[in-house]
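Those protein sequences? They're chains U and L, same order as listed. For the first sequence, my numbering gives the first residue as 582, with consecutive numbering after it. For the second sequence, my numbering gives the first residue as 45, with consecutive numbering after it.
Among the hints, a few may not be true.
To be verified - Some chain L residues flagged as far from chain U (calculated, every beta-carbon gap over 12 Å): (1) Leu76; (2) Arg96; (3) Gly123; (4) Asn210.
Unchecked claim - In the BS3-like style, the derived pairs of lysine-lysine whose C-alpha atoms are separated by at most 30 Å in a straight line are: (5) L:Lys683 to U:Lys690; (6) U:Lys694 to L:Lys594; (7) U:Lys694 to L:Lys721; (8) L:Lys749 to L:Lys444; (9) L:Lys618 to L:Lys751; (10) L:Lys721 to L:Lys598; (11) U:Lys609 to L:Lys487; (12) L:Lys487 to U:Lys694; (13) U:Lys609 to L:Lys486; (14) U:Lys651 to L:Lys371; (15) U:Lys654 to L:Lys375; (16) L:Lys371 to L:Lys252; (17) U:Lys694 to L:Lys756; (18) L:Lys683 to U:Lys694; (19) U:Lys690 to L:Lys486; (20) U:Lys710 to L:Lys240; (21) L:Lys240 to L:Lys397; (22) L:Lys252 to L:Lys324; (23) L:Lys181 to U:Lys690; (24) L:Lys67 to L:Lys240; (25) L:Lys486 to L:Lys683; (26) U:Lys694 to L:Lys648; (27) U:Lys766 to U:Lys654; (28) U:Lys766 to U:Lys609; (29) L:Lys375 to U:Lys583; (30) L:Lys618 to L:Lys648; (31) L:Lys335 to U:Lys651; (32) U:Lys694 to L:Lys181; (33) L:Lys486 to L:Lys594; (34) U:Lys583 to L:Lys486; (35) L:Lys756 to U:Lys690; (36) L:Lys371 to U:Lys609; (37) L:Lys375 to U:Lys609; (38) U:Lys694 to L:Lys444; (39) L:Lys594 to U:Lys609; (40) U:Lys609 to L:Lys233.
Please keep in mind that the hints were generated in silico from the structure rather than gathered at the bench. Heads up, the beta-carbon is just placed ideally off N, CA and C, and yes, glycines get one too.
The lines below spell out each chain.
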Amino acid sequence: MKSAVIVFPASNCDRDAATALEEMTGRKTEMVWHRESTLPDVDLVVLPGGFSYGDYLRCGAMANQSAVMKAVKAHAARGGAVLGICNGFQVLTESGLLPGALMRNAGLKFVCKPVTLRVEESQSAFTRKYEKGQSVTFPVAHGEGNYYADDETLNRLEGEGRVMFRYQDNPNGSARDIAGILNEKRNVLGLMPHPERVVDPITGGTDGRALFQSLIEALS
Amino acid sequence: MTKITAEQIREHGLSDEEYARIKTLLGRDANLVELGVFSVMWSEHCSYKSTRAHLKTLPTKAPWVIQGPGENAGVIDIGDGDACIFKMESHNHPSFIEPYQGAATGVGGIMRDVFTMGARPIAMMNALRFGEPEHPKTRHLVSGVVSGIGGYGNCMGVPTVGGEVNFHRSYNGNILVNAMCVGLARTDKIFLSAAKGAGNPVVYVGSKTGRDGIHGATMASAEFNEDSEEKRPTVQVGDPFTEKLLLEACLELMATDAIIAIQDMGAAGLTSSSAEMADKGGSGIELDLDKVPQREENMTAYEMLLSESQERMLAVLKPGREAEAEKIFRKWELDFAVIGVTTNTNRFIAKHKGEIVADIPVTSLSDEAPVYQRPFVQRAPAAGQPTYDKSRSVIESLTKLLGTPDMASRRWIWEQYDHSVMNDTVEAPGGDAAVVRVHGTKKALAITTDVSPRYCRPDPFEGGKQAVAEAWRNLTAVGATPLAVTDNLNYGNPQKPEIMWEIVAGIQGIGEACRALDFPVIGGNCSLYNETNGEGILPTPAIGGVGLLKDVSKLARAGFRRENDVIILIGETKGHLGQSIYLREIEGKEEGGAPPVDLATEKKHGDFVRGLIERGRVDTVHDLSDGGLLVAVAEMALKGNIGASIGQASLPDAIPFFFGEDQARYLIAAPFAEAEKIVAEARDAYIPVTELGKTGGDAVIVNDKDKVTLSKLRAAHEGWFPRFMRREEIPVTN
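Only chain U is shown next, with the shape it has when bound in the complex (with noise of 0.2 Å):
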């Protein structure tokens, strides 16, 4: 599996990103800088944990003007994998690649802790490696992890078996308990917890190696 990380200025996981991918998959991956407005030839686009452009707007909505989004949105069009964590997913749901919104965590505080969370699906290019239902413990660490979307939105994720992972115990007051959600097409992931911060035992767990590992199955 080929990967790229794009990196907005005040991206901060971009290596922790890139770091996970090269323990996993073996091979480099490539860095490609805001500007740009080509992608190089991968088959998943990770989108970073960060602040972006400092996100002192809305979050995400500053990245969604960014050259390098039209490219991101031209290689989920065409199919191409696209994975966005933390900031990532809420760039995604800026761009319209997802739907609905992150908003202000419900306890108005920035909230950094490890949070369990239940796999829902494992129908999907990044959770075939987990089983359905199974518990997992990745960290969040955000400050606008609230999702929000209208009832018949949510239904529809629900329905259509988009819902792919679900908080045990909420942290930041999403509707439905929803840590991340796929697109329509199934090749778009947004969530808030960080799967790559979670790789290596020493470092806290290894419960985000079989998102990555799935990755590399589908894709490769």
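Since the structure of chain U is provided, determine the placement of chain L on it from the hints.
Chain L in isolation, oriented as in the chain U frame:
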């Protein structure tokens, strides 16, 4: 030129004698711009005029020290070509006036100190002191400081991995916000601030200059009174997004060899950065203020030279490399301007609109700044042993202590900090020391901040020793070899002889401990005048310590890992209750002397424990400090979610045995066979060792009879902070 008035001299925080000295150095009267420049450079904050003579006595050298005090941060060698660069600095005065921005810019400032030397910041710590919980301002200050630290650090993507927090009424009008940054560089890529050579371009990079923070350094060198709220305009405003760009752009420029010297614009902004660079390089500097990127219109020379706008750096480049550097800063969308040149005149010259507005000999701003040997007077030592009620229940006191403001879990704070970004955090907040892996290696750095201000008031010397010893012990308890410290000395008004004594004795205590423990001071910061309406803070010399674990897989943690482990106490328990948490929280007394620290014993016990960890023989260790033995057992039980049953040894009375705060002690938990060997080895080495009991169950049991469940302890320990912040109850004080 209008003559400087006595009123202007006073407004600039200078004495008449100091102004007379300025006139002698200039050979004429100063103009207003020059007066401003002198006032910030000679402020306590920038010149260390009250402490410099004493700071010189601190040990600063060791074979592994690459750079000691005097640069933006200290540097140590951690092997394999890797260098660790770190420093702690206060942002006390601004944080009291505007807690969010004060704390945020404190974080930003200390990060710049570290990355200006070529390091990528990899961890942040902070040592915070607030007033008593029931003081009407405390919640607001806690909430603002914590969000400010998080708001800045989280955006930068540098994990905030630990720290310490105390509450005490002496901080009601002067909170302390001490931020520490630890970074990594290669030993052959370290950047210093000496602007050597003439004719080299001086470049300004980062944010534009505004009118914010003018005279921040002067404000930080004065006491507060009722009017201090009016000083809000002197607090700077932080922009972590720009800082992130500045970090990446600086590291990109540093990968080239275009830089001669670089320094961040912190306190006293453009003035101190340019004057200090010229001073260290033995050169002169000429600035053209018309070239300074400005955020506001019609800024005067005075304002530009004294602005403390954030996220700015000054660099001296090799001639002809300007275009290459500019390209990097433009890529990151930052301002870049050549604003001056180095000279061989040894003069600090600023021009504005074609006129020279300041012309000052460089050394008059540094070496010739005043140094004071302020008089000091020792306060009478605490007399006698404090009394206590022997009939109180040990187990009830334990439960109560775990839920007091100083002992309760800090989870409410650290869950607001991203502590796992960068993917190298091995021990998150809540352990003895934070542990962060050196990226891509099996090495790790252990980091801690420590001081027990309640010991420093009755005995500043022992208190200074204890702060260093506790930092050393915390690093040792995770298995790290302690390497060096940064000190952040927070005190009251040095012009009062008793306060000056606290400072002098504190520095002596720190020096003695650092020498005995081979733990040199490689940088630091002094914050004096922490007084409001004449009331000073407890002396608070915060120590930031860094140690190295060669193999992170051997790391010891504080939480119990297995049932039926034997719990072993290393060190002697004499039952010192003076100034203990127990005495203050249970008996309502702040009495007695500080616990004495025997440094030879400290070293012997610590080396023994570290040796066991390094050889992979023990993996569960906790140091004993605030609250004493039983609190430490309870913390280990809560962290591991495994109970313990322990019995009293030695002393006749239970209370001093379980809650005394004797130093040089550790708890170890190990399986039976290993524990027997450890006890025998300790005895052979003449190290006091006691088998206290064993792990297991879901409660802490004392002397086979008194018992409290972990869930009850956890509720007390975890409950206080969130309840306090939600205003659910006004905490009880004695």
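Evaluation of the provided hints:
Non-interface call for Leu76 of chain L relative to chain U: holds, since the shortest CB-CB distance, roughly 36 Å, exceeds 12 Å. The Cβ of Arg96 of chain L lies farther than 12 Å from every Cβ of chain U, with a closest approach of about 38 Å, so its non-interface assignment holds. The beta carbon of Gly123 of chain L is kept farther than 12 Å from every beta carbon of chain U, the shortest such distance being approximately 19 Å. Every Cβ of chain U is farther than 12 Å from the Cβ of Asn210 of chain L; the closest lies at roughly 22 Å, confirming the non-interface assignment.
For the suggested pair Lys683 of chain L and Lys690 of chain U, the alpha carbons sit about 24 Å apart, so the restraint of at most 30 Å is met. For a cut-off of 30 Å, the pair hint linking Lys694 of chain U to Lys594 of chain L stands: about 28 Å separates their Cα positions. Annotation: proposed proximity of Lys694 of chain U to Lys721 of chain L is violated, straight-line Cα distance about 39 Å (limit 30 Å). The hinted pair formed by Lys749 of chain L and Lys444 of chain L meets the criterion: a straight-line CA distance of about 18 Å does not exceed 30 Å.
Our distance criterion of 30 Å between C-alpha atoms is met by Lys618 of chain L and Lys751 of chain L, whose separation comes to about 24 Å. Straight-line distance between C-alpha atoms of Lys721 of chain L and Lys598 of chain L comes to about 19 Å, which keeps the hinted pair within the 30 Å bound. Among the hinted pairs, Lys609 of chain U with Lys487 of chain L is consistent with the structure: their alpha-carbon atoms are about 24 Å apart, no more than 30 Å. The suggested pairing of Lys487 of chain L with Lys694 of chain U holds, with an alpha-carbon distance near 24 Å, which does not exceed 30 Å.
Restraint check: the Cα-Cα separation between Lys609 of chain U and Lys486 of chain L comes to about 21 Å, which is no more than 30 Å; the hinted pair holds. Restraint check: the Cα-Cα separation between Lys651 of chain U and Lys371 of chain L comes to about 25 Å, which is no more than 30 Å; the hinted pair holds. In summary, the hint linking Lys654 of chain U to Lys375 of chain L is supported, as the alpha carbons are separated by about 24 Å, within the 30 Å threshold. Between the alpha carbons of Lys371 of chain L and Lys252 of chain L the distance comes to roughly 18 Å, so the proposed pair stays at or under 30 Å and holds.
The hinted pair formed by Lys694 of chain U and Lys756 of chain L meets the criterion: a straight-line CA distance of about 23 Å does not exceed 30 Å. As the CA atoms of Lys683 of chain L and Lys694 of chain U are separated by approximately 15 Å, the hinted pair is consistent with the 30 Å bound. A threshold of 30 Å between alpha carbons decides the hint, and for Lys690 of chain U with Lys486 of chain L the separation of about 34 Å lies outside it, so the pair is violated. At roughly 60 Å between alpha-carbon atoms, Lys710 of chain U and Lys240 of chain L are farther apart than 30 Å, so this suggested pair is violated.
Restraint check for Lys240 of chain L and Lys397 of chain L: satisfied, since their Cα atoms lie roughly 27 Å apart, inside the 30 Å limit. Annotation: proposed proximity of Lys252 of chain L to Lys324 of chain L holds, straight-line Cα distance about 26 Å (limit 30 Å). Taken as a hint, the Lys181 of chain L and Lys690 of chain U pair is honoured in the structure, with Cα atoms around 20 Å apart against an allowance of 30 Å. A C-alpha spacing of about 28 Å is found between Lys67 of chain L and Lys240 of chain L, which places the hinted pair at or below 30 Å, so the restraint holds.
Using a Cα cut-off of 30 Å, the hinted pair Lys486 of chain L and Lys683 of chain L holds, with the two alpha carbons roughly 25 Å apart. For the proposed pair Lys694 of chain U and Lys648 of chain L, the alpha carbon gap of about 38 Å is over 30 Å, so the pair is violated. For the proposed pair Lys766 of chain U and Lys654 of chain U, the alpha carbon gap of about 13 Å is at most 30 Å, so the pair holds. Distance restraint check for Lys766 of chain U and Lys609 of chain U: the Cα-Cα separation of roughly 27 Å lies within the 30 Å cut-off, and the hinted pair is therefore satisfied.
A distance of roughly 27 Å separates the Cα atoms of Lys375 of chain L and Lys583 of chain U; the hinted pair therefore holds under the 30 Å criterion. For the hint pairing Lys618 of chain L with Lys648 of chain L, the CA-to-CA distance comes to about 18 Å; that is within 30 Å, so the pair holds. Between Lys335 of chain L and Lys651 of chain U, the direct Cα distance comes to roughly 38 Å. Violation of the 30 Å bound is thereby established for this hinted pair. In summary, the hint linking Lys694 of chain U to Lys181 of chain L is supported, as the alpha carbons are separated by about 28 Å, within the 30 Å threshold.
Between Lys486 of chain L and Lys594 of chain L the alpha-carbon distance is near 7 Å, which keeps this suggested pair within the 30 Å criterion. Our distance criterion of 30 Å between C-alpha atoms is met by Lys583 of chain U and Lys486 of chain L, whose separation comes to about 28 Å. Distance hint between Lys756 of chain L and Lys690 of chain U is fulfilled; the C-alpha atoms sit about 27 Å from each other, no more than 30 Å. A threshold of 30 Å between alpha carbons decides the hint, and for Lys371 of chain L with Lys609 of chain U the separation of about 27 Å falls inside it, so the pair holds.
Restraint check for Lys375 of chain L and Lys609 of chain U: the C-alpha separation of about 24 Å stays at or below 30 Å, so the hint holds. Note on Lys694 of chain U and Lys444 of chain L: the hinted pairing holds, with a Cα-Cα distance of about 27 Å set against a maximum of 30 Å. In summary, the hint linking Lys594 of chain L to Lys609 of chain U is supported, as the alpha carbons are separated by about 28 Å, within the 30 Å threshold. Note on Lys609 of chain U and Lys233 of chain L: the hinted pairing holds, with a Cα-Cα distance of about 26 Å set against a maximum of 30 Å.
Hints 7, 19, 20, 26, 31 from the list above are not met by this structure, while the remaining hints are.
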